[in-house]
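Chemist: Given only the sequences and the hints, what does the whole structure look like? Please build it.
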Amino acid sequence: DGGITQSPKYLFRKEGQNVTLSCEQNLNHDAMYWYRQDPGQGLRLIYYSQIVNDFQKGDIAEGYSVSREKKESFPLTVTSAQKNPTAFYLCASSTQGANEKLFFGSGTQLSVL
Amino acid sequence: EDKVVQSPLSLVVHEGDTVTLNCSYEVTNFRSLLWYKQEKKAPTFLFMLTSSGIEKKSGRLSSILDKKELFSILNITATQTGDSAIYLCAAKNQGAQKLVFGQGTRLTINP
Numbered sequence: 001d002g003g004i005t006q007s008p009k010y011l012f013r014k015e016g017q018n019v020t021l022s023c024e025q026n027l028n029h030d031a032m033y034w035y036r037q038d039p040g041q042g043l044r045l046i047y048y049s050q051i052v053n054d055f056q057k058g059d060i061a062e063g064y065s066v067s068r069e070k071k072e073s074f075p076l077t078v079t080s081a082q083k084n085p086t087a088f089y090l091c092a093s094s095t096q097g098a099n100e101k102l103f104f105g106s107g108t109q110l111s112v113l
Numbered sequence: 114e115d116k117v118v119q120s121p122l123s124l125v126v127h128e129g130d131t132v133t134l135n136c137s138y139e140v141t142n143f144r145s146l147l148w149y150k151q152e153k154k155a156p157t158f159l160f161m162l163t164s165s166g167i168e169k170k171s172g173r174l175s176s177i178l179d180k181k182e183l184f185s186i187l188n189i190t191a192t193q194t195g196d197s198a199i200y201l202c203a204a205k206n207q208g209a210q211k212l213v214f215g216q217g218t219r220l221t222i223n224p
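Residue numbers (our numbering), protein chains in the order written: chain A, 1 to 113; chain B, 114 to 224.
The hints are simulated quantities; they were obtained by calculation from the structure and are not laboratory data.
Remember, predicted model here, so these are calculated numbers, not experimental data.
We treat Cβ as the ideally placed atom computed from N, Cα and C, and that holds for glycine.
Please note that the accuracy of each hint is not assured.
When the alpha-carbon atoms are kept at most 20 Å apart in a straight line, the in silico DMTMM-like pairs for lysine to aspartate or glutamate are as follows [to be verified]:
(1) B:K170 / B:D130
(2) A:K57 / A:D30
(3) A:K57 / B:D115
(4) B:K211 / A:D59
The following label-pair restraints were derived from C-beta to C-beta distances [as the list claims (entries may be wrong)]:
(5) A:S67 / B:T190: 44 to 52 Å
(6) B:N223 / A:Q41: 19 to 27 Å
(7) A:S80 / B:N223: 42 to 50 Å
(8) A:I51 / B:V126: 43 to 51 Å
Modeler: Listed below in structure tokens is the structure:
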């Protein structure tokens, strides 16, 4: 089955710790995105990547980092600099030519211990 | 700054009712408006609208775009409990590589 796989489903972060959220897709999509969802705030874009080895900051990139070494993979690291990391994180992908139609993963809920 | 605003933020109705969800946008060089349904975790695509006045329909759901007044509505007729979800609206401008999302409308259908 083609799709986007995010792991883990639930993640807990200790104070001062960096954590990495995984996102893998087998849709052969060029573009991948990371969104953060807080209650009542919709989806906010953290980072996105149009092609391998290239990525751009979204609207709320501070405290986060990404890499795009392979087309299939776009991991997100939540660093200790992100002071309010508790949120639901969604990864998405799209084709280059129709990048409005996003395909989403099932998300990772990150909480701070 | 591009902006998308949805209303209401929350709506509770009885099964069988008809609901209308609203989405207004301010986007430079507007290209398209999209609706997604988020039931549990992963949002799923419903509609993409690019032209004014042309209704898109899928079963009991329909949507239309007004590019003059800068809004879209999503209608759901004969609602069922399975329609309970967060409905997300998003807009894209011509040059940007990203969507701007609204806050979402949480719809609850009571039996």
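Chemist: The structure should be examined with respect to each hint, and the outcome stated for every one.
Modeler: Hint check results:
Distance hint between K170 (chain B) and D130 (chain B) is fulfilled; the C-alpha atoms sit about 18 Å from each other, no more than 20 Å. For the suggested pair K57 (chain A) and D30 (chain A), the alpha carbons sit about 17 Å apart, so the restraint of at most 20 Å is met. Taking the CA atoms of K57 (chain A) and D115 (chain B), the gap is near 16 Å; set against the 20 Å cutoff, the hint holds. Between K211 (chain B) and D59 (chain A) the alpha-carbon distance is near 10 Å, which keeps this suggested pair within the 20 Å criterion.
Separation of S67 (chain A) from T190 (chain B) is about 46 Å and conforms to the stated range, judged on CB atoms against 44 to 52 Å. Roughly 25 Å separates the CB atoms of N223 (chain B) and Q41 (chain A), a value that falls within the hinted 19 to 27 Å. Judged by the Cβ atoms, the range 42 to 50 Å given for S80 (chain A) and N223 (chain B) holds: they are separated by roughly 44 Å. For the hinted restraint 43 to 51 Å between I51 (chain A) and V126 (chain B), the CB-CB distance of approximately 45 Å keeps it satisfied.
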